[in-house]
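For reference, the chains in residue letters:
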Amino acid sequence: MRDKIAIEVRDLSVSVGETGILKNISFEIPKGSFTGIIGPNGAGKSTLIKAILGLIEYRGTVRVNGRIGYVPQLSSFNREFPINVYDFVRLPIRKEKNWKEKVDIALEKVGLKGFGNRLMGTLSGGEFQRASLARALISRPDILILDEPEAGIDEMGKARFYDLLNELKEEEGITILMASHDIGLIFDKCDNVMCLNKTLHCHSPIHSVDIEDIKRLFGDFDIWIRSREHYEILHRPKERNGKV
Amino acid sequence: MNIIHDLFSFDFLRYSLIATILASISTGMVSPIIVYRGMEFIGDGLAHAIFAGVAVAVIANFNILLGALSATVIFAYLIHKIKDLESIRESTAIGILLPVFMSIGVIVFSKSPRYTTDVTSYLFGNILMVVKDDIYFLSAIALLGAIIISSKLYEIAYWISDEEMARFYGINTERIRLTLLFLISFIVVSALKIAGVIVMGAFLVIPGVFAKTRSLSLKGAIYRAIGFNILSSLIGFTLSYYFDLPPGPTLVLFSFLLLLASTLL
Ligand SMILES: Nc1ncnc2c1ncn2[C@@H]1O[C@H](COP(=O)(O)OP(=O)(O)O)[C@@H](O)[C@H]1O
Ligand SMILES: [Mg+2]
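Residue numbers (this note's numbering), protein chains in the order written: chain Y, 1 to 244; chain D, 245 to 509.
Take the hints with a grain of salt, since some may be wrong.
With the C-beta cut set under 10 Å, the calculated list includes, among others, these residues of chain D facing chain Y [as the list claims (entries may be wrong)]:
(1) Ser314
(2) Ser405
(3) Arg421
(4) Leu462
(5) Tyr467
(6) Gly471
Which stretches of chain Y does chain D cover? Using the computed rule of at least three CB atoms under 8 Å from a CB of chain D, they are [unchecked claim]:
(7) 77-83
(8) 164-177
Think of the hints as simulated: they come from the structure by calculation, not from any bench. Keep in mind the model is a prediction, meaning the values are calculated, not measured. By construction, the Cβ of each residue, glycine as well, lies at the ideal position given by its N, Cα and C atoms.
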């Protein structure tokens with residue numbers, strides 16, 4: 001059933017010059033699901049997202065069924081620039097007359113009530129990401145795509161941010177696709193998980209993920225899996241690698 | 245020996261004062277954009293383009309103003325294109341093009357070293373040679389700049405702060421970049437008699453730096469930069485008149501001193 005699919009990707013490849021960054025990726029994202037993309041640094045998570053968004057060139061087909069809201073990786077914003085939260089958030093609806101009311105509603109939803117006149121550069125990591133989420137939500141998207149939204153947020157902030165995403169999914173039926181480093185939280189909150197490292201290594205409901213896949217994905221570094229219920233990412237000393 | 249009295253007595257002095265204020269407004273308008281976007285060397289780049297344009301115009305017996313204008317437009321367009329092709333920053337593109345244009349100018353002049361007063365006034369400014377037509381040109385460019393920037397202020401702000409998101413949500417960032425590069429080129433050419441190409445960079449950078457740390461929005465930064473520029477060039481102008489100093493460099497030095505004083509206070 002086509003109309004149950006929010007995003008459909010077929011044989012997607014991306015290369016820059018001679019270097020292949022993504023190879024033959026195919027998957028479908030069901031409507032209303034919460035899918036996590038995991039993979040080590042440089043795996044191509046951001047590239048995949050940008051291809052879906054049409055921000056870069058690719059081979060293959062991407063079909064998107066609905067309007068997308070996008071929360072980019074933290075680094076794309078110039079924090080030195082003086083722009084307040086109102087102006088930052090209203091981008092998607094900048095031409096509408098009553099943008100201010102709408103921005104106020106969106107800010108309240110993400111827990112930033114009264115932040116409208118604050119400068120973006122003065123926000124904490126968590127506040128910044130919530131403002132970024134408000135900007136994505138203000139266009140009333142059917143699909144929300146987030147690129148490592150946990151970067152720069154403390155643990156408390158993270159938990160609240162993910163609860164907010166869950167709420168959006170449950171109450172408004174928004175489809176969520178999120179790239180993340182935070183394997184623990186992905187396993188906690190997502191319905192489906194995709195393991196990406198240049199190609200798609202796994203794509204399945206969270207409960208049937210093969211832990212070996214994930215270990216292979218991350219190579220020998222920085223993931224430590226104790227049991228199905230307990231995942232931790234640790235930076236292990238080099239000589240003890242591989243003895244997991 | 246009273247500048248106020250002299251202003252009423254001498255047309256040339258009145259013209260040069262009005263021209264200085266107009267040039268302060270137009271360069272101040274784009275200065276914060278240049279500084280926030282990190283393309284501080286655009287003024288110097290354009291200066292070298294103008295040098296090449298003037299050289300070619302002199303050799304070819306062509307109108308010097310048109311030569312300067314065409315060279316800057318070509319320069320601005322090349323920055324735009326190189327940035328696209330190589331996905332590099334504007335400042336890198338400027339760094340590539342600056343010596344290229346300088347070389348063209350030097351080679352052309354080496355074939356016929358006819359420095360005329362016209363050429364030197366383009367290079368160093370010649371504030372007391374301002375005529376009515378210069379005032380019209382400066383006013384037209386300042387007005388054009390004010391219209392472009394005020395009508396596209398939001399888009400320009402997003403282009404500076406987050407180009408990718410601006411593009412994603414439908415802002416034509418390419419067009420904004422090209423429009424601004426052309427606008428800056430026109431501004432530089434229109435202000436040549438005031439500052440000359442050699443010191444033009446200061447007019448485009450110092451007020452932006454002053455405004456950068458003190459503003460809550462791009463709009464506020466633009467107003468501050470314009471105010472700073474007008475104040476500093478009026479005082480610089482007066483000083484150069486009383487002490488009989490070359491106006492362009494005096495204006496720049498005073499502007500720098502004012503910036504220094506403002507950071508210390
Ligand atoms: N514009 C680009 N030019 C060249 N290489 C790039 C470009 N963008 C990304 N890459 C390379 O593609 C790979 C994947 O990058 P990215 O998608 O950002 O990974 P991730 O988001 O998973 O950390 C990296 O090796 C990166 O260096
Ligand atoms: Mg990334």
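Evaluated hints:
The restraint placing D/Ser314 at the interface with chain Y is violated, with a minimum CB-CB distance near 33 Å, outside the 10 Å limit. Because the beta carbon of D/Ser405 sits about 4 Å from the nearest beta carbon in chain Y, less than 10 Å, this interface hint is met. Annotation: interface hint on D/Arg421 violated; nearest CB of chain Y at approximately 15 Å, more than 10 Å. For D/Leu462, the shortest C-beta to C-beta distance to chain Y is roughly 7 Å, which falls under 10 Å, so the interface hint holds.
A distance limit of 10 Å between C-beta atoms decides the matter here; for D/Tyr467 the minimum to chain Y is near 13 Å, and the interface restraint is violated. With 10 Å as the threshold, the beta carbon of D/Gly471 stays out of range of chain Y, its nearest partner Cβ sitting at about 17 Å, so the hint is violated. Using a Cβ-Cβ cut-off of 8 Å, 6 residues of the stretch 77-83 of chain Y lie near chain D, which meets the minimum of three, so the contact claim holds. Note: the stretch 164-177 of chain Y has 0 residues with beta-carbon separation from chain D under 8 Å; the three-residue rule is not met and the coverage is violated.
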